[in-house]
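Asker: Residues per chain are reported as follows:
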Amino acid sequence: MSDDMDQVRTLADQKYKYGFVTDIESDVAPKGLNEDIIRFISAKKNEPEWMLEWRLKAYRLWLTQTEPDWARVHYPPIDYQDSYYYSAPKKKDGPKSLDEVDPKLLETYEKLGVPLHERAILAGVAVDAVFDSVSVATTFKGKLEEMGIIFCSMSEAVTKHPDLVRQYLGSVVPYSDNFFATLNCAAFTDGSFVYVPPGVRCPMELSTYFRINAEKTGQFERTLIIADKGSYVSYLEGCTAPMRDENQLHAAVVELVALDDAEIKYSTVQNWYPGDENGKGGIYNFVTKRGACRGRASRISWTQVETGSAITWKYPSCILQGDDSVGEFYSVAITNHYQQADTGTKMIHLGRNTRSRIVSKGISAGHADNTYRGLVKIMPKAQGARNHTQCDSLLIGDQCGAHTTPYIESRNPSARLEHEATTSKISEDQLFYARQRGLSEEEAVALIVNGFCREVLQQLPMEFAVEAQKLLAISLEGSVG
Amino acid sequence: MMLEIKNLHASVDGREILKGIDLVIPDGEVHAVMGPNGSGKSTLSYVLAGRDGYQVTAGSVRYRGQDLLALKTEERARLGVFLAFQYPVEIPGVTGVNFLKTAVNAVRRSRGEAELDAMQFLKLARKKCKELGVGEDMLKRAVNTGFSGGEKKRYEALQMALLEPSLLILDETDSGLDIDALKVVSESVVRLRSPERSMVVITHYQRILDYIVPDRIHILAGGRIVQSGDKELALELERSGYAQFVGEAA
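Protein chains in written order, with this note's numbering: chain D, 1 to 481; chain F, 1 to 250.
Mixed in with the good hints, there may be bad ones.
Straight line, CA to CA, 27 Å or less: simulated DSS-like cross-link-like pairs of lysine-lysine [said to hold, decoys possible]: (1) F:Lys140 x D:Lys470; (2) F:Lys140 x D:Lys425; (3) F:Lys72 x F:Lys123; (4) F:Lys72 x D:Lys470; (5) F:Lys231 x F:Lys19.
Pulled from the structure, derived: some chain D residues nowhere near chain F, Cβ distances all over 10 Å [said to hold, decoys possible]: (6) Gly170; (7) Met204; (8) Lys229; (9) Gly279; (10) Tyr315; (11) Arg416; (12) Ala421; (13) Phe432; (14) Ile448; (15) Gly451; (16) Val466.
Pair ranges (Cβ atoms, derived) [unchecked claim]: (17) D:Pro413 x F:Lys72: 40 to 48 Å; (18) F:Lys130 x D:Ser424: 52 to 60 Å; (19) F:Gly146 x D:Ser83: 47 to 55 Å; (20) D:Ala421 x F:Gly229: 54 to 62 Å.
The hints are simulated quantities; they were obtained by calculation from the structure and are not laboratory data.
Positions of the beta carbon are idealized from the N, C-alpha and C atoms, including for glycine.
Given the sequences, and given the hints that come with them, work out the whole structure.
Answerer: What follows is the structure, encoded as structure tokens:
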């Protein structure tokens, strides 16, 4: 790929030297971010004027913002003008066949039991050549359309369902929310859009997977899911198989809106490239995810299994506005080698009798650092609000770290808040005991880790859960002994 | 021959604990190794099981003709070496069913037998529970977690029954047990006596030998076997204590 990429870069740099002219025929925008680039992205996507204005408003604000530094993560300063913000999916820049793919990656697919025809897609092989899932996707799409469910790319939604997008986009995570979210507003290239009409129960798990070869969403993904009154939807993001990606910085935004009696289940398995054993390379995953339980008795449940990325900065949250609404957060975060994770949730209780539950399992091995950071906030009108937080850390080896930073703010005396936390270690005694019974060290660690995470894994859809279990074991290979 | 230990020397953190052990255990025999605290009893059991940090500096151990010391801990276990722990280890979050099924299948795999699926395993485990008078609820609980001393030892016995080892090493199984629990656990062990199975019963006190009657008794003191004899030796020890043997070793 490097030849092509170099060519593109040289070309791009040249263009920049002579001043950049918006050219919507071009497949790639030059390095850096400025208003022209944003106009270019917007033009590429045939966006309406309001969308462009929104992006520009975000961009201008972003210029005045500073990067947050409160998380327990360390990385060299990012030069935001040194990356590309738009490049159309190029079929040329990936490996041409599986033979060109890193054997280690293939080995992992093997262990995960990823079907053969899917491995090529995941490894970034030009998909058209190897796999045609269009018919599959169309079948599903047809069925969903019959029920009035909209499931499409964000770009498509902006042009085809502008009213819905305009009404809800930025209504949960405002464009001014934080440095990374604001950058996303300015520069997002694509993502998923879901709308489930009143009273409809979505009959299948919606997954980005169905769209995997439809469009490459790039580093600034934008997702918006709206569950109208009395509806239900379960959405799966990501994939247990490691994904190949050229971009180091990922700053996605996910917004969920649940109206009266609606329920959204959002499950993520994140397995981006974590860098090598010495902490070189890897994705920075700086994500803003937030759900609004806007309606009465609505419900939003986040489940995440975070095993990848060099750095994870992510706090899927719930704003419990509707009376009797429920927010849940189930998380497993694994860090090995030199990975860093600072992750948790925010539960903001606004409505009466709102309830939230947090179950966080952090596993740290190698030289990795794992931080749980959570906020439970009870506002004055949240009469009878309840929260239960369970926060467990598991350490493997003695070079890694686990940190727990819970914030609790209660402004209503009727609130009931419980917080439990434990830290444990996989001990040499446990490993010896298990090995004396015939288990290999890897089997023993996998068993202990899966036992530790059981409560969270149970929340995942069945098939996903099985894959996630295997993934946990693979992520921790080489962490002991 | 089940086990042949020759001139075994072993150190922990550079300190020599075993100073030349010679011990031969034929198939089907039960040998007791008795000794005072600090004589090297637990070290011997850990060296046989292959625990990290226990350095063998000289000597050899052959298990059914094979060089035992060349094998990893789990390989020894799969070949039928079972150590019943003095202090069984708690593994929170891992259910007994899950743990024991993985262990049984690891052993079966190495013997070239088909692995048991969840239903087959459960059937087997329930049968063994019943035979040993162990409550089935133990299978659902996390391994050893929150178990009483007696429950832990019964759980060890259940694992022996499931894994059907050839060489059973009991490391102070009697410690922390009242007389009733000792009886129950000992009976489970005695049920496993067979011409193909040998046992090493490591103990400080004679009382467990009332239930698991040994063919031979060896006295370990100062890292060496200082005397061997038949079961009368245990009674003599009970009367006069270890002092005379410790003196000999020094």
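Asker: Does each hint hold? Answer for all of them.
Answerer: The hints, checked one at a time:
no., hint, in the structure
1, F:Lys140 x D:Lys470, "holds (22 Å)"
2, F:Lys140 x D:Lys425, "holds (22 Å)"
3, F:Lys72 x F:Lys123, "violated (30 Å)"
4, F:Lys72 x D:Lys470, "holds (24 Å)"
5, F:Lys231 x F:Lys19, "holds (25 Å)"
6, Gly170, "holds (41 Å)"
7, Met204, "holds (28 Å)"
8, Lys229, "holds (40 Å)"
9, Gly279, "holds (27 Å)"
10, Tyr315, "holds (25 Å)"
11, Arg416, "holds (27 Å)"
12, Ala421, "holds (15 Å)"
13, Phe432, "violated (5 Å)"
14, Ile448, "violated (6 Å)"
15, Gly451, "violated (3 Å)"
16, Val466, "holds (14 Å)"
17, D:Pro413 x F:Lys72: 40 to 48 Å, "violated (60 Å)"
18, F:Lys130 x D:Ser424: 52 to 60 Å, "violated (33 Å)"
19, F:Gly146 x D:Ser83: 47 to 55 Å, "holds (53 Å)"
20, D:Ala421 x F:Gly229: 54 to 62 Å, "holds (56 Å)"
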